[in-house]
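Residue numbers (UniProt numbering), protein chains in the order written: chain A, 1 to 362; chain B, 1 to 373.
Calculated directly from the structure, the hints in this document are not laboratory data. Nothing false has been slipped in among the hints.
Subject to a maximum C-alpha distance of 35 Å in a straight line, what follows is the list of computed DSBU-like cross-link-like pairs (lysine-lysine):
# : chain 1 : residue 1 : chain 2 : residue 2
1 : A       : K208      : B       : K251
2 : B       : K251      : A       : K163
3 : A       : K314      : B       : K251
4 : B       : K253      : A       : K76
5 : A       : K340      : B       : K253
6 : A       : K178      : A       : K333
Here's a subset of chain B near chain A, in silico, CB distances under 10 Å, partners left out:
# : residue
7 : P41
8 : P118
9 : E269
Here the structure is a predicted model, which means the values were calculated and not measured. For each residue, glycine too, the CB sits at the ideal point set by N, CA and C.
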Amino acid sequence: MTHIKRVVLLMIIINIVFLSGCSSFFVENNTVEEIAPVIFWSIQEGESGKLKISTLLPPLINEKKSMLTLQVNLLKQGRKDFNLVYYRELKLGQLRMLFISEELAKKGILPLIDTLLTDPDISQRLYLVVIKGNFDDYIRNQVDKQENLDYFLYRMLKHYETKNQGDITVINLHQFLKRLYSPFSDPILPVFKVNKENFIYNGTAFFKDDKLVATISDMNDQILQLLNNDYYLKLLPIPSLAVSLGQIRSKVIIKLAPDYSSISIKVNLVGRIEEYRGDKNIVDSDELEDLNQEIKSYLEKQTTALLQKMQQWKVDPLQVGTHSLTPFSQPIKDEEWLRKWGNMELQINYQLDLQTMTNVNK
Amino acid sequence: MPSPSLFEKSSPFSGVYFMLMVNRMQMLYYFIIMPRHLVHPYMIMGIMAVGILSQVNLMLLSKWFSSDFSVQGYQGFVQLLGERTVRVFAFLGLFLISLRITVMTLGFVEIAHQYIFPSMTSNWLILSIFIVCFYLASQGMENTIRFVVIAFLSTIWMVIIYYSFFFPPIASMHDLYPLMPPEWSAISWKGLLLVWSSLSGVEFLVCLTPWLRPKQKMLKYLTIGNTISVLEYLVLFISSLLFFGSNYLDKTKYPVLDMVRYLQFPAYERIDIVLISVHLFVLVFVNSIFILLFYGAIRILLGKGVRQTTRMGFAASFIIILVSILVINEWFWKSGEEQNIWLNLQIGVGAFTYLLVPAFLLVATKLKGRFKV
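Could you build the full structure based on these sequences and the hints that come with them?
Here it is, written out as structure tokens:
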């Protein structure tokens with residue numbers, strides 16, 4: 001019995017020491033009423049090389065929200081300075097999104113991202129988003145109309161990430177860094193365009209190292225989702241052919257010539273025609289075949305143009321270079337790969353397997 | 001109440017306990033930093049090769065376990081080597097043991113400090129770990145050996161968490177290429193040494209043979225323990241390759257833990273904290289065993305090997321270890337692995353003893369046997 005008593009006593013003493021929190025022992029105060037676990041940070045270029053960072057406060061409690069903006073030299077300086085102007089302590093444990101302005105992204109974002117990565121509080125699932133336009137204006141304008149704006153933006157990104165349904169590109173911190181450091185792939189990030197009223201998905205940004213090089217949108221972005229990112233599109237409207245395809249699943253077979261002089265990309269698309277407003281009678285198999293041919297040549301033309309642009313920009317966001325790796329051979333150098341990639345001959349070939357919905361007839 | 005001896009032997013243990021001990025001693029701290037030192041996909045082969053080598057070494061060790069000397073414990077060593085030599089080895093052992101405890105504990109404390117208690121002074125962490133170790137060790141060798149079951153069960157499930165890294169979208173095959181090293185110079189010999197060294201620690205089990213039930217097929221248990229460890233190394237290394245890719249892996253300090261941070265569980269996000277805390281069971285177990293061995297070595301050194309153990313003696317040897325660790329932590333330990341002499345020293349020394357002890361004991365028994373004839 002004395003034995004048990006001793007153990008219990010020891011446990012109590014340990015608990016008292018740990019829970020009462022001697023201030024010099026353990027300096028973390030997470031009383032919910034006193035902290036502000038922010039959900040996003042937006043970073044823009046400030047004056048004279050400074051960073052302009054802003055966030056929406058308070059994130060949790062039912063109070064009127066307001067936007068706080070600071071001009072700082074360092075990211076963590078921002079964290080400290082926020083505490084000086086706001087009565088709750090800012091915590092980064094729930095930081096879910098980082099909005100980076102396009103101008104800043106063009107100058108390189110690695111130092112920013114590294115700071116976030118090394119903070120054990122911040123999840124590596126932090127979403128990175130490039131913003132065209134003034135994001136702060138948008139938040140300031142909208143926060144009165146939609147109270148939990150920050151939270152719903154997070155839910156939106158999470159929604160499209162979970163099932164990879166191919167509507168928008170969603171990239172988190174880890175994915176960005178893995179692509180950044182891997183030799184045969186270049187990072188991509190989603191781009192959103194904002195004005196006072198709207199927050200619109202614009203497309204995908206290509207990065208060379210940590211600098212934004214170019215942005216693609218609309219049809220090019222959809223093709224990117226099919227070729228690499230999600231391999232799936234819920235809807236693919238092609239206005240110029242007056243047709244909408246749906247539930248498209250793609251299978252991409254990439255073959256590199258041994259001397260890297262040419263590349264053949266075969267894309268098998270399986271899906272269905274969900275809408276047709278042109279003048280062909282697609283119940284008739286001949287005319288359907290015509291339409292198939294048109295879609296096929298349209299996609300091939302678009303894809304070739306997109307890849308040529310990538311070659312021009314010397315980026316490889318499709319991670320084509322990884323196909324040069326085999327288990328038992330030497331990998332080629334990254335720079336050599338990019339040089340070869342720039343001059344590679346493209347052979348793009350689509351195979352379509354499209355069903356017609358029975359109710360689509362004339 | 002007269003306290004029972006710390007080194008009492010009431011009922012002998014089956015080999016299963018030794019299997020668990022082999023395994024847990026090999027899964028201590030090093031496995032956390034290992035992927036970062038191996039980096040290249042072709043080092044998967046390296047792990048396997050070192051694992052097989054370790055198996056050969058354990059075969060030698062099992063020869064010792066089946067010899068007549070081992071059953072007698074301390075007396076066996078005295079018969080085999082002579083008392084003076086045993087004392088010399090005990091003296092060397094003191095340094096080996098304290099170096100091992102120091103590096104493992106400080107390495108772990110550094111991790112806990114970085115991930116869980118960034119604002120805490122690390123000396124407090126060390127102190128609290130050692131209070132637990134003291135409690136466990138003061139229960140005697142038998143109970144400490146029994147504790148291995150808890151240590152094993154509370155940590156073995158960790159490997160399961162890593163399964164999700166083996167599936168898309170995280171995993172893609174090309175992260176594992178090339179599987180063959182391009183040239184000999186590309187092999188990270190230091191990484192291989194680290195693997196070998198992390199498999200070490202097992203050689204200290206020769207001091208625990210008196211608690212082992214005699215005439216068992218030890219090789220079987222040692223093999224299983226070793227194989228589980230090598231498999232765990234492989235799972236962790238391959239999954240960290242898949243997750244980071246080799247170039248990024250190079251830049252991560254504790255890949256095995258950073259990966260876990262990426263996982264999302266509905267109720268709790270910081271699963272890394274759970275993992276680190278649970279790992280404490282293993283650390284406490286191994287430390288306690290080594291603290292007891294340290295005490296035993298001091299007794300042998302002072303020529304009191306056969307007398308009753310005293311609380312004072314045990315507490316004194318415990319305090320020696322604790323103070324030396326605190327001193328090293330305060331003045332000599334530099335965090336950041338590349339420059340850390342202690343870590344490199346332990347990698348070298350651990351590898352060295354693991355290589356030599358089984359072979360040495362085998363040769364000694366063979367020679368002794370010949371002279372007898």
